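There are 2 protein chains.
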Amino acid sequence: MSSKITLALDAMGGDHGPSVVVPAALRYASANPDCSLVLVGQESALRAYLPDKGLPPRVSIRHAAEVVGMDESPASALRGKKDSSMRVAINMVKTGEADACVSAGNTGALMATARFVLKTIPGVDRPAIITALPAVEGRTWMLDLGANIDSNADHLLQFAVMGAELVTAVEGIAAPRVGLLNIGEEEIKGIESVKQAHVLLQNSGLNYVGYAEGDDVYLKEGLDIVVTDGFIGNVALKSSEGVAKMIRHFLSLEFKRNLLTWAVALLALPVLKNLKNRIDPRRYNGASLLGLRGIVVKSHGGADQFAFEQAIGIARKEVAADIANRITEMVASQLQHKASA
Amino acid sequence: MSSKITLALDAMGGDHGPSVVVPAALRYASANPDCSLVLVGQESALRAYLPDKGLPPRVSIRHAAEVVGMDESPASALRGKKDSSMRVAINMVKTGEADACVSAGNTGALMATARFVLKTIPGVDRPAIITALPAVEGRTWMLDLGANIDSNADHLLQFAVMGAELVTAVEGIAAPRVGLLNIGEEEIKGIESVKQAHVLLQNSGLNYVGYAEGDDVYLKEGLDIVVTDGFIGNVALKSSEGVAKMIRHFLSLEFKRNLLTWAVALLALPVLKNLKNRIDPRRYNGASLLGLRGIVVKSHGGADQFAFEQAIGIARKEVAADIANRITEMVASQLQHKASA
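Heads up: the sequence lines are chains E and W, in that order. Under numbering that gives the first Met the number 0, the first residue of the first sequence carries the number 0, and numbering increases by one thereafter. Under numbering that gives the first Met the number 0, the first residue of the second sequence carries the number 0, and numbering increases by one thereafter.
There could be a bad hint or two in this list.
Copies of the same chain look alike in the list, so a pair counts if it works inside one copy or between any two.
What the hints assert, rightly or not - Below are the PhoX-like pairs computed for lysine-lysine, each with C-alpha atoms no more than 20 Å apart in a straight line:
#, residue 1, residue 2
1, Lys93, Lys118
2, Lys255, Lys272
3, Lys3, Lys219
4, Lys3, Lys255
5, Lys244, Lys255
6, Lys93, Lys194
7, Lys244, Lys272
8, Lys194, Lys3
9, Lys255, Lys275
10, Lys255, Lys118
11, Lys81, Lys93
12, Lys244, Lys275
13, Lys93, Lys3
14, Lys93, Lys52
15, Lys118, Lys81
16, Lys255, Lys52
I should point out that these hints are in silico values taken from the structure, not numbers from a laboratory. Since this is a predicted model, take the numbers as computed values, not measurements.
Just chain E, with the same shape it has in the complex (with noise of 0.2 Å):
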């Protein structure tokens, strides 16, 4: 059937390899009939996961000696592991046996092998990488997370046009809120790279809405993408990330501390449940590879099988929505824009 979509994943990848990806891809299916999962890695390995009684309806094998480790530099795997599980996924992707792929493997290997594979959309200079984060409204969605350092204002305009175009395909929203990110000192007010991006998305015909600093990606309405340098974008993730773990920590550690607030805990439960769930990060699992010709998406390394399950999610929606064919022609028309400006 053409309207079917299939996508590869690299079974060895992350942290878990194929005890995560294969029985995440089995749910998948079992519960997408319009989705078809190629498992690419180590058959032998795979086949440890899988049922007795061999491969359900739309799941299949593509084999593939060679895994890239998770401390690999990208320089070993592009060179080194022509036939890792990652290289092939992507292959098939840049082949076309595939609509997209996803990796739960090493970011640096996974960008450099989809880069060197897919080649990026004409007048991209730079693929960034791009998530979802919670927010009290809704959800803000962040680029580039650490693709990208020393990003000049072009780079950034890009990175606003590439994130607009996917938050429109995956939230439905259809003039999607861009932020730069900036601090609030009044004596400095930014890089000169930030300053320059702030004028160049004035002029994009985005839905720009100006600056944010970093408690607005959590906090403001009204903001659906934030803008910035991918070293910045790692720092404020990786930062809000051991705020959240902290936290979590000294409820635990509270909740703990004595029988009583033992007791306590197991009444607070539901209400405990119920703010994990709101910022799970297993929730927001999937990062997309933007400016590339192909869809590429990222599982964090230490994905279980659910978080896994919605990172195939991500790609999946990122097929149906025809993604890296619609950045191409954002792209195409900024640049028109730009030089008839």
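Starting from the known structure of chain E, arrange chain W on it as the hints suggest.
This is chain W only, laid out in the frame that chain E set:
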């Protein structure tokens, strides 16, 4: 008595001005008999918050006619408000009438004025802002938080030297462990300035423990100080505040969901209060401007009485540790170290 400490308080600064600063000063003075506090500001405005029987012991008033607005530009404050409470309080540090000053006024104006009046320590190119943050184990200090952007490797080294001296003074840690903020992606592993600072720090004689990522600030044991550029530090700090506020918002929302959860909230109050105490930003109020020939502490603009007292306490500790002179000596010895290297 010569052993007495005199602190000048910008009583008009912050969102709440004298309504917070005056009561904080009264309580602090009564609890700390070795401290004299000078309330700097419009005398009539201050009198409104003083007891009818007049000034208590060790609290005095220094009239200053003008007030720097919370959104006023540093240039306007510096050039146009020579009799502002902020400026006069800093002047008192310059003339030796006060050992330190504390202001909840706007950061940009405070930094610009302090830098203009007090000047930087020889060998320090740029003053920096540092504060303590809660962490799973102990506290972590971070600088710079927004005074500098585009910091080069030498600046980052200076931040580390100054931060280490402050933490030794305030926390009593002999050789505080210094980390350098970076991102984890192997492919790029940091911007040039960070890579160069890494080498400088390895040869600095400081207790340098290597790169730290955003989450390490809150989670990593064996880390006392995290050094970074002000743009990045500001984003990290604000993002962290945003996440903490979002979690509090959701927790409150979930506890208010229905009568049962309300009841559980009542039972859980002691636990929630302990949690709040651990991460209460009021407890961490008081950021220090480092690298100046004098001690200036910045309180959060929205500080309440308790929080402002914490900022006064920081100033007092810095005076007791003679921090400005110690940093002067440390920077001089670093310069010698580098010259002989």
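(request) Check each numbered hint from earlier against the structure, then list the numbers of those it violates in ascending order. (result) 3, 4, 6, 8, 10, 14, 16
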